[in-house]
Amino acid sequence: MSENAFLTVTDLRAGYGGARVLHGVSLAVGQGEICAILGPNGAGKTTLLRALSGMVRVRGDVRLDGADLSGRSPDTIARQGVAHVPEGRGTFMPLTVEENLRLGAFVRRDRRSLRGLRDLRGRRGGSAVDADLERVHTYFPVLKTRLKQVAGSLSGGEQQMLAIGRALMLRPRLLLLDEPSLGLAPMVTQELFRIVRAVNEEERTTVVVVEQNAHLALSIAQQAHVLESGRIVLSGSAEQIRADEQVAQSYLGYRV
Amino acid sequence: MRVSAIGCTAVTASLLVALAACGGREAAAPSTAASGSGSGECQGQQTTGITDTSIKLGGIYPLSGPASAYGDIPKGIKAYFDYINAEKNGIGGRKVEFVVRDDGYQPPKAVEEARRLVEQEQVFALFQTLGTPSTTATWDYTNQQKVPQVFVATGASKWGSDTAHPWTIGWQPNYISEARVYAQYLKQERPDAKVAVLYQNDDFGKDLLGGFKKAIEGSKITVAAEQSYEVSDPSVDPQMRNLAGSKADVLLNITTPKFGSQALAADAKNTSWNPLHIVNNVAASITVLKPVGFPNVQGVVSSTYYKDPNDPKWKDDPEMMLYYAKMKQYAPDADPTVPYHTFGWAVASSFHKAMEAAKCPTREGLRDAMRALQNVQVDMLLPGVTLNTAADDGFPIESMQLMKFQGERWELFGDVIDTRKEFGPLTN
Amino acid sequence: MSGPAEVTEKAARAAAPTRGRSLARVATARRQWIVMAVLLAVACYAPFQLVPFRVFQLTMVLVYAVALLGLNLLVGHAGQISLGHGAFFAVGAYGSAIMIDRWDTPHLATLPVAAAVAFALGLALGLPAMRLRGLYLALVTLAIAIFLVPLLKRFEAVTGGSMGLTLGKPVPPAWTGLAEDQWLYFLALAVTVVAFLLAHGLLRSRVGRALHAVRDNEAAAEVMGVRLSFYKTLAFAWSAMFAGAAGCVYTWVIGFVSPDSFALTLSITLLASIVVGGLGSFSGPLLGGLFMMFVPSISQDVNDAAPGVIFGLLIIAVMYVAPTGLAGLAGRMTRSITKILRKE
Amino acid sequence: MAGFLQEIVEGLGAGAIYASLALALVLIYQFTGIVNFAQGELAMFSAYIAWQFMAAGLPFWLALVLTLAVSFVGGMLIERVVIRPVEGAPELTVVIVTVGLFIFVNAAAGWIWSFLIKDFPNPFPGGAIEAGGLSLGYSTLGIMAVVGVVMGLLYLLFQHTKVGLGMRAVASNPSSARLVGIRVGWTLALGWGLAATVGAVSGILVAPLLFLEPNMMGGVLIYAFAAATLGGFDSPVGAVVGGLVVGVAETLAGAYVGFIGSDLKVGVPLVIILFILLLRPQGLFGRAAVERA
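Chains as they are written, first to last, in the working numbering: chain Y, 470 to 725; chain R, 99 to 526; chain B, 2 to 345; chain F, 946 to 1238.
Any given hint might turn out to be false.
Stated by the list, open to error - Listed below are the simulated DSS-like cross-link pairs for lysine-lysine, each with C-alpha atoms no more than 30 Å apart in a straight line: (1) R:K411 / R:K285; (2) F:K1107 / Y:K617; (3) R:K193 / R:K451; (4) F:K1107 / Y:K613; (5) R:K345 / R:K311; (6) R:K244 / B:K340; (7) R:K424 / R:K413.
Don't read these hints as lab results, they were simulated from the structure.
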């Protein structure tokens, strides 16, 4: 863990209504790192991500590059460059693939003009957002062929790619991924993780990934935290966690 | 089902509160027991709600819901009573207190309010219930309780012709008589008229239409087409198109104000069909014609029995000047040009006269007086229109005068038609 | 919009300690019966203490409560929205009125027939209507409510057309020594008690459980083998039956029926009242009936120039204070009061 | 034959009126999943505001622009002040709040402006185009044109602007919309404002024909419901087509089917709704997956 981390979380508590889910979670992630959050079902992994993006009310301290994020609304946090790919992908089903992607850049201010007006004049290209569309296409070539298609008609793997692509459209400083492998074939999952790794390396995007498939997550992460019953029970580098066979058995439920 | 003890407790509690608030049944027993009685020849008669210095009346009107427009009537009544209370020492020294309740044009609500007024407010009489349904729902009760239900605001004929309800009486010319006036006019002007009828599908429309059909029996006048509409309809344009298809040469427009305007506008718009347009009294106000545009309603025929406050003809009429002055003074928020206010003023004046005519200041006295009115002059009625009733005649106003719209106002024409003399009494 | 928050909350509630629950339930059940008995005793005593006008008001509260009981069954327990409840109320009212008017049927004898007619009609309309969900069902029932008024006027020979029918009221038997208003009240009370017991029984049966399953999760209920359309149609018919019974008592009490008394306003007021009273709870219909009876008068006392302004505001205000209805509010208040009392 | 065609034309005229209100209904349903019972009354209130501006001496078009602006702000305020407190409550609670709003607005209009009808100027000339025995009123034509333009503007807004894209995102997936940084609360308020504006257009179109009074929109609302159901509650285009179909069907039934006549023609929307729903529950233009209620 680096001294002046990019993302610091201190004594984070969160829950729904009367039910407390997180009981004081602290962690730090350095700039450009990939951090994996592991743990059994119901440990609070998803809640942790939702707390980071402002979807649930929190107590405690969350700082991104020194800026206080705790208690902010999701849109404010998104404006700070935090992109959250929720569990279940959060696809805008009736909208087209392109519209889904452009929504990812909704809060960016560096776009030059309104997309629609350009479309009316029949011209396109030129703005930073369009450049980013191209960038997403290089990561996910399949999306390019489906731009005008309704997002609801995509396969599960394609929808996951769309969700990540949508997050990249924000040019995020912090990318939160919730169970990207859920319901996908192993081949597709591996491809996804490869791309996440590539994004992280090429764009120095900090990533926090929640994953059931610990093996896969640890293969791309630099550090990892194991969450159980709303508390961090183990932290360390990806190698350390992977090497600790006992940990692997008791918390991760698999043999290395 | 979740039987919630808590909820039950809440219900019980509210019931108990209601119980506690109301006092015992004996404390406020039905009106007859609690009422005092008159003296002298009025011995043994009911004096609930009346003292030597006061008289309490209750009225039920739709102040909410779709018929709220009529909620303006009690404003005119209140202004009249305020005026006579302040300047004329009330009715024979008795100051009038007028309690108005809202029934939203719903019969069950009208029953509730009638009972409230009679049993709780202990009014002397119900002075006006509005609408045929509300009045029908309450008149068994008022007659059972022997409470006068005076000058109800509906033109159904049963208030006058029914003999089982001596405590209830109407006021305005009944719809059937009005229909007879139009029929007679047509017999003279267009003896072989083909008539198209637009009517509101309720008691009012049916009564007028039925009366008209009966009145043209035996003449060469025929009803060529009839179309009804519901109060909930957005517009009567489709009905008007269907009527236009009949190519009738007379249109009888039996509507309430909004639909009256729509029908007049539709008639004006259709340049290929130009029937003689007769609009019934309910929708004959200047306020109905004005939105259609005066040039579009030239030559429209109607009939009336009271003075339209918008008609410049009455500008120097002393009754009209008094009305304007006192409305301004006692009901500054109400617009005196609204004919409902005028209606209220005239009916309040009628009550004034009827009460003055009562031999005994008792409910029985009022009951008898309201069926023994002889040529009683009332404020704001047309010259020549007076209140006349008898033991077998429960229709106070039975005279109307025809009028034709010319320029920017109604021009009365012909004589005041006393429908009773002219056509004989109504028989059911 | 039910977020995951709601789901988690439900889960948390479900996970609450279950020990001692059954014991507590027995105790609550006993307390409930005691409260009910007290309530009934008060209800029987009230007409001897109140002026006839108040007795009449309470009678109408009971009439509305029976109608709302039916609506509660449909909306609160089966999760289907009806904007046409007033139509079935009208069917019951007219059914009774026509029998009394044409064949001089004794008043009491019209009740089962009116209820049965409403039930049958509910079943017939429910068959197609219940293939629809939520909003669409609401719109179909809305159209039924609107259509009924001109329909009643059309069949003038039977219904008296737009003039309506005026009828005599039931005469109290001499042996009771009751006044007319008291007799009417006790008739309404009897119908109410029977209706509540019937509804109670219905909901505790297999059918009631099936309805709850339908409400909570239609898809899951179907998977579990609940014959969806059958139970939904049945719920619709029952709800119509209660409305019909209420309409019948209405005819006895008011002695006059006319088509415009059963306009759309009635249906909407009924729906608003049951939501205000509290959906899915036992006391909801009673509280809703009280609301329907008394709040318009209160509105008028506050502002007699425009009672609707106050009435509208009161509906909104109640929904703010008690989003789950007055029954829920009463429950919350009692709970917090007991909590405070226990702490001290 | 000409008579038949004429009835169709008249039906389209009536249908355009229903369509204009149905558009407003559909807008709110799209964003919030609730049916706004007060929509017609808000439209009526807007028409009164326009009337008030004109009574103060403003020319029609200026009054129109001001009214639309006031309605937009008013719609947003209603969402923020009246609807927001019950956000998250059961849907039916929200629907009942709109019923309360209905009663309130209706009574308030009567209180302020009385229940007597008001004279409302028609922005379109009075005559009619006569061609081949058919007569097409300028005002019918005008209404259809305005409804068409409103629909076109809505289409441009939704399909070709960032705000519109954001609104559609909120309609389809509110929590995901929140994650991409859209202010969902404000977008909902925007939806209400937009619906109120469209409703205001409807009210101003309707007022000269039906005559302005507080119960003006009550009858129209039912037909607008039918139109929206027919077209699919999530489709603005559907609402307009639905309105036209309902208008024509109702007019033809009233004119040609003897038994129905003018008194039972309110039954036509009922039959249409029933048939459409049984055959195609999502409406003509709706998507199957949108049954939210």
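Consistency of the hints with the structure:
The suggested pairing of R:K411 with R:K285 holds, with an alpha-carbon distance near 29 Å, which does not exceed 30 Å. For the suggested pair F:K1107 and Y:K617, the alpha carbons sit about 17 Å apart, so the restraint of at most 30 Å is met. Taking the CA atoms of R:K193 and R:K451, the gap is near 14 Å; set against the 30 Å cutoff, the hint holds. Taking the CA atoms of F:K1107 and Y:K613, the gap is about 21 Å. The hint holds against a cut of 30 Å.
For the proposed pair R:K345 and R:K311, the alpha carbon gap of about 19 Å is at most 30 Å, so the pair holds. With a C-alpha separation of about 55 Å, the suggested pairing of R:K244 with B:K340 is violated against the 30 Å cut-off. With a C-alpha separation of about 15 Å, the suggested pair R:K424 and R:K413 falls inside the 30 Å cut-off, and the hint holds.
Hint compliance for this structure: hint 6 alone is broken.
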